[in-house]
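Asks: Read off the chains here:
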Amino acid sequence: MKDESARLGFRLTLPAQVLVLFISVFPLLMQAYISLTDWSPLSGQSWPQAWQFWNSFANYSDLLGDGRLWAALGRTAFVMAVCVPIEFMLGLGLATLFMDDFKGKRVFYSILIMPMMVVPAVAGYMFFMLFQSGGPVNDILAMFTGSPVTIAWLSDPNLALVAVMVADIWQWTPLMFLILLAGLVGVPEDQVRAATLLGANPLQRFTSIVLPRMKTIIGIALAIRVIECFKIFDTLFIMTGGGPGVATETISVYIYKIATQDLIWGYVAAIALAILIVLSVVCVWALKRMARVRA
Amino acid sequence: MTRSLAFEAFRYTMILLAVAVTLIPILWMASMAFKPIPEWQATGAALTWWPKAPTLDNFRYVFGVSNSDLIVALDRTALKPILASFLSAGIGTVIAMTAGTAAAYGLSRFGSGGNLPLALVQLRLFPPMAVMTPVMIMWAFFNMTDTWWGLALVYGIVTLPFAFWLMKTFFDDMPKEIEEAALVEGCSRARVFWRITLPMMRAPLASAALFVFILNWSDYLIALLLTTREWVTIPVYMASLSSSMTGQLYGAKAALGLMAAVPPVVLGVLIQKHLVRGLTFGALKQ
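First to last, the protein sequences are chains A and B.
First residue of the first sequence? That's 1188 in our numbering, and the numbers climb one at a time after it.
First residue of the second sequence? That's 431 in our numbering, and the numbers climb one at a time after it.
Bear in mind the hints are in silico, worked out from the structure with no lab data behind them.
Negatives, chain A to chain B, calculated, CB over 10 Å:
| # | residue |
| --- | --- |
| 1 | D1253 |
| 2 | G1261 |
| 3 | F1275 |
| 4 | M1276 |
| 5 | S1342 |
| 6 | P1344 |
| 7 | M1352 |
| 8 | L1384 |
| 9 | L1398 |
| 10 | V1433 |
| 11 | Q1448 |
Pairs of lysine-lysine, BS3-like flavour, derived with a Cα cap of 27 Å:
| # | chain 1 | residue 1 | chain 2 | residue 2 |
| --- | --- | --- | --- | --- |
| 12 | A | K1402 | A | K1475 |
| 13 | A | K1475 | A | K1418 |
| 14 | A | K1444 | A | K1418 |
| 15 | B | K703 | B | K606 |
| 16 | B | K703 | A | K1290 |
| 17 | A | K1402 | A | K1418 |
| 18 | A | K1292 | A | K1402 |
| 19 | B | K703 | A | K1402 |
| 20 | B | K703 | A | K1292 |
Virtual Cβ for every residue (Gly too), placed ideally from N, Cα, C.
Taking the hints into account, I'd like the entire structure generated from these sequences.
Replies: Right, here's the structure in full:
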């Protein structure tokens, strides 16, 4: 009986194991190998012959002095540092409004979570249109200022970054809202009521009863957004293509550009591997910390 | 608990504001899709918020009906990209759901594959751009570049974590007594799975599959890297729609964008109940 279970379990998990190995181990080894060379798909040699372009770790030393890479990383961190807190505050604010019943709650809820279901590339195109100099954003601004506004959002280095962040906030605030609302609803009602009876004001109730109960949920919501924000590509790439110049070039866009335009895949592999290693370390550290907090 | 009138007013104001901000981009694209060419862009005059002369020309144009106002006809229609999107996202979903459900059941009932949860989270953690170059080399080696099956296979692997986690939480939630009773009656393990567990799981399976389909359908980057011409998906096709002759084909692109946006939004409303569970890897249930 026990043997049968073990065998069946093994067979059931086998396809997933094979797929994971297929996409992780082999590409990883290949990347480690190529990252030590100057190999490019244009070199006329297939990748197993990459050893001919051995460059004695030059890719890794280049990496440290690559200003564009560090700028892209800094920009990604900046986008993350601006967008995630704003999304969190807006999402939390909206979620608190949805805690009790009111007329039209379901309809409003369905509308408000729509943006995150829109294909990111399409969302990028929506905001590309909105931020044209003759587009609706300027039109709305003109309504308030009373005079025509012709800001060229996407061709100004600073404003392009703002536009990209607006698109990200539009699309992903609903995710925060959705997750945080699920958390708020899960806070035991009798505790809140007890606190009210003991004379706690709404702010006190929120900070001393609701927030502590939601620690894990807030952690999950923030973690998801930080991870996704680090990968940001689709919306941004459609809106600006990383431009003007390199003004909105995030880490994914930078790798995309050197992989498809400059075609120096040895270097791409080195960057990718460095990112994977750093992320893995961070991930293990975070998991360990979480395990300690829970214990 | 009755709330004050002031609070209700505040609530509705804030919510309506949020609804407006949510809807403006979507409605702008929807209205653009039905605008004739002269209304595409504001030319000195006021912006047209609502099409003055609504037309289906943009939809006809992307399906290959030439438009006298645009000098160039499209060298390929939207038909094949739509097919490519459906095929790759659909088969990708089948792959992810099959492998994911089996593995989730194996872990949930027999404790096999204990390494999978972490491995799959890590798979989700890494930026796709950082693992795509070796995949591009491998796919070229297997002649899978620019094919719907090659794309479907990547999609199946990329969304496997979601399928796995969703199904695992569903299996964990399912009362074990029913299966145990059937086992005592003399059913084999496999028979219990096919005859009892799966039929009971029909609704969760459907929502998980829809969720995975939305994710696959939403991809842009992977299709951009792995398809070049024959099997580009809708987002890639849409992004490539502009020529030096005509400039931005606003209306045509908006028509395509609208078509790409409708399926996930509709499906998303259908599976609203399970969205939180899916998005948080099953850590949170609604």
